[in-house]
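On the provided structure of chain A, position chain B as indicated by the hints.
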Amino acid sequence: MSQASEAETASELAAQLAAGSLRARALVERSFARLDALDPQLHAFLFTRRAAALSEADESDARRARGQARSALDGLPIALKDNIVQAGEPASCASRILAGYVSPFDATVVERLRGAGLVIVGRTNLDEFAMGSSTENSCAGPTRNPWDLERSPGGSSGGSAAAVAAGIVPAALGSDTGGSIRQPAALCGVVGMKPTYGRVSRYGLVAFASSLDQIGPLAHTAADCALLLETIAGHDPKDSTSLPEPAPSLSQALSGEVSGLTLGLLREADDPSGVAPGVRVRVHGAVAELERAGAKLRDVSLPHVRHAIAAYYLIATAEASSNLARYDGVRYGHRAADAPGGITALYERTRGEGFGAEVKRRILLGTYVLSAGYYDAYYKKAQQVRTLLRRDFEAAFAGCDAIVLPTTPETAFRLGEKLSDPLALYLSDVFTVSANLAGLPGVSVPCGLDAGLPVGLQILGRPLEDATVLRIADAYQRRSAHHRARPPR
Amino acid sequence: MSRDFETVIGLEVHVQLRTRTKLFASADVSYGDAPNHHVTPVCLALPGALPVLNGAAVELAARAALVTHCKLHPHSVFARKHYFYPDLPKAYQISQYEEPLATGGWLEIETPEGGARRIGITRIHMEEDAGKSMHEPGDPETQVDLNRAGVPLVEIVSEPELRSPEEAGAYLRKLRQLLRWVEATDADMEKGQLRCDANVSIRPRGETRLGTRTEIKNLNSFRFVEAAIKAEVLRQRELLEDGGQVQQATLGFDPERGRLFVMRLKENADDYRYFPDPDLIPLLLPEERIERIRAALPELPDARTQRFESAYGLSAADAGTLVSSRALADWYEAAARAHGNAKHVANWVLRDVLAALKERDAEVEDVRLAPEQLAALLRLVDAGSVTPKSARSLLPELLFEGGDPERLVRERGLEAVADTGALEAAVDEALAAHPNAVASFAAGDAKSLNFLMGQVMRRTGGKADPGRVRELLAERLARR
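Note that the protein sequences, when read in sequence, are chains A and B. According to my numbering, the stretch in the first sequence is residues 1 to 489, in order. According to my numbering, the stretch in the second sequence is residues 1 to 480, in order.
Bear in mind the hints are in silico, worked out from the structure with no lab data behind them. Be aware that a few hints might be false.
[As the list claims (entries may be wrong)] Computed footprint of chain A on chain B, listed as stretches where at least three residues anywhere in the stretch have a Cβ under 8 Å from a Cβ of chain A:
(1) 38-45
(2) 51-63
(3) 279-287
[Claimed, not checked] Reference excerpt, derived from the structure (chain A facing chain B, CB under 8 Å, subset only):
(4) Val85
(5) Ser103
(6) Phe105
(7) Ala107
(8) Tyr203
(9) Ser211
(10) Pro237
(11) Asp239
(12) Ser240
(13) Ala318
(14) Ile343
(15) Tyr379
[What the hints assert, rightly or not] Only pairs whose alpha carbons sit at most 30 Å apart, straight line, appear in this in silico DSS-like list of lysine-lysine:
(16) Lys360/A to Lys81/B
(17) Lys380/A to Lys81/B
(18) Lys217/B to Lys174/B
(19) Lys132/B to Lys238/A
The structure presented is a predicted model; accordingly, all values stated were derived computationally and were not measured. Ideal Cβ placement from N, Cα and C applies to all residues, glycine included.
One chain only, chain A, in its complex shape:
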């Protein structure tokens, strides 16, 4: 472990860019230098856009020189998960079925990033179509955890988390359907934020499960996440599920204070039999730090949380089976070679060749879940559980301002360790899926190392209270140095 000697957080880099002591060109070159040095082992990136990024960095420097910076983050390098589309760039979703596909349009978040002058350096690896928790379900092969190359960075935004943790980029965007930002953030020792559902436009995010998907930032600090979220959040007429409320200023809410706030320690996530001791100890330590900073503590319970995993995997697979039906080889992407059997055979071969095993498993599950005769027993029932869970959260939030729990029950697992047992991997999402089912904001913050591997503290807030969870995470980071820890080089 080494302490950072140079500025590395987005906020620090932005300050240097503003002061003129650092140029965007140098910063982007540094990103590519680190990428060249580290990514052959990490495999965090699927695509890079070196020439375009360098020329955009020059434009940013020219703007700064004219005093026309588009935002505080103008010139900052950033990476996109490869399921967020950018015009003229590939969007493979780590799937063979989108091989060769180039998007003709920008995601709304891409428009907003570029509007603020950020420089997109490349597209990061993920589990195919964001389905997985290890980044091993990628047609391009897994990403490795910078803390231990034999281990998984988590997933599905494993590429984004690894890229930030390894210092290739100061920030990245990911998507979180059941923990896909928070879990890899925890396993890679960075901050990852899933905003309130609807806070960030999903236009241009390749859909996995529409009612659960949300784009969010990964960076070293909660303050950085606040800056990034401010940049990308807000109503978007192109996304009907985007919240009409204007996105509040988040950075201003980061007072460093937690006195007056009550934190609910989630009883169901504090069970010694369900959480690794090293994780439990560090989460308790972080909560104690917040208590010392003035937060009140109390126990809370979510009685229906034990059904969350089941409900999540019913809803997510049902929606996925529908969202992925469009990949039929007719209009774009992979198409199987012509052979007898007509259109049905073409669909079967195209999809059979194009999708990986985990995606097929989920399409099959989801198709079954939505079938006539099973719909009521599975999909409807899961939606009812979702309502019950939402009510549980409402009741819990009546007595606290945020709920704290581990992001994951364990630290990073070895690559391949869980491939043979998909159910075990599904179960490891137990602490993250509830926030998606209830649409809540949640953030994972590094709270220490266990046997050299990062542990994440998760903070969940009321819907729309993205500022509160970031404020708590920021207050914790002002009192701890865990986010300054860097993987061994």
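Chain B alone, transformed into the frame defined by chain A:
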């Protein structure tokens, strides 16, 4: 001896709403342009594209629901209907399923026997159209045109309460008239803007259970609807009479041969795996908005027919004809108001204007004559300044080119011979020239009067007022 069967028909009618853009995309709704010209990432189902509901379509669908007496639901839900087909880009159609826009309405039709009957409407829901798959003869490839993909439709489902092909035709005509009346649709059937699926079964009269039904798909003209149902009823009847059974099936209709063909046999129900579309929020129509839409509706055809009967003294048949389209009713009524004698104007419109339109295969929308100018023309006729015959001869030109009737009459020298001296001279000449006719009239042959009328008209170049000529002739003949 053949048993007595009752025919049971239910119609599912797809109507294209009259919007500028698609139901969930900003692409233009258009017809006849180059393939795949009107497509956006949403129409193509590109990765990351999301649907956004077109508010104008909701307004038009709501009108359709209101004029068919349906209950508009303040909360309805878009659902995904899944099936794989090359012209369905998402592999699902966004439709409405468990919670449709509207339910429980009715339409009153006139039955072929002359009575009136209410036909129940089960539901109205909004959905998007699919694209078009095209197969060139001899080419094994399928070409897909997605211009139509995402075009807004309402599907209007009737109860199985229609009892004959003619009733089905009457229902469809009434539906089209109403929806066009409130400008919810252009319902241009040649462009496929109104398409109909017919569910047909028969059962022994008195039986309350429904027989096995077949569904005839995609009928796009009134004539085909009636012809296809007629053929299917006959086929089912022959099957049952021969001791056979009707098999549930989806049928197509070949209008050129007037024959049905089996598209597929339904062994078990399709599973479309409907579920609420998570990309869209529920469609909310607050009471106030429904009331605003209702209040903005024009006077509807039935009310207008009744008013034409009571206020203008028209027969039910005449009033009904004038109300066949809102444009015609509006045009007629403006002319009637400008003229003052509504009945008189109705006679002209029903006889002469409609004949002129039919002659040119035109619609009232093509007419360029202001209704006030029809009134002006008729006033010239009333005053005897132009004969009805002359007025009639000018009508087509006036209708399709417009213009000032009075000036046109003058320019063409068609002023009626109103000068009594000149008329009397013409009458005297005619009598002098045809003593035989005068004699046979005196002997009681009334037809001779018509002959003499013709002679006078010829001498005046047709510009004499026939009433006045008849009067003068009668006077003169009586004096002899």
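Comparing the hints with the structure gives:
1. 38-45: holds (count 3)
2. 51-63: With 3 residues closer than 8 Å to chain A, the region 51-63 of chain B meets the three-residue bar; holds.
3. 279-287: holds (count 3)
4. Val85: holds, 4 Å
5. Ser103: Given a least distance of 7 Å, the restraint on Ser103/A holds.
6. Phe105: Constraint on Phe105/A satisfied, holds at 5 Å.
7. Ala107: holds, 6 Å
8. Tyr203: holds, 5 Å
9. Ser211: holds, 4 Å
10. Pro237: holds, 7 Å
11. Asp239: Status holds, d = 5 Å.
12. Ser240: holds, 5 Å
13. Ala318: This hint holds: Ala318/A lies near chain B, its Cβ roughly 6 Å from the closest one there, short of 8 Å.
14. Ile343: holds, 6 Å
15. Tyr379: holds, 6 Å
16. Lys360/A to Lys81/B: holds, 20 Å
17. Lys380/A to Lys81/B: holds, 17 Å
18. Lys217/B to Lys174/B: The given pair, whose Cα atoms are some 20 Å apart, holds under the 30 Å limit.
19. Lys132/B to Lys238/A: It holds: about 26 Å lies between the C-alpha atoms, which stays within 30 Å.
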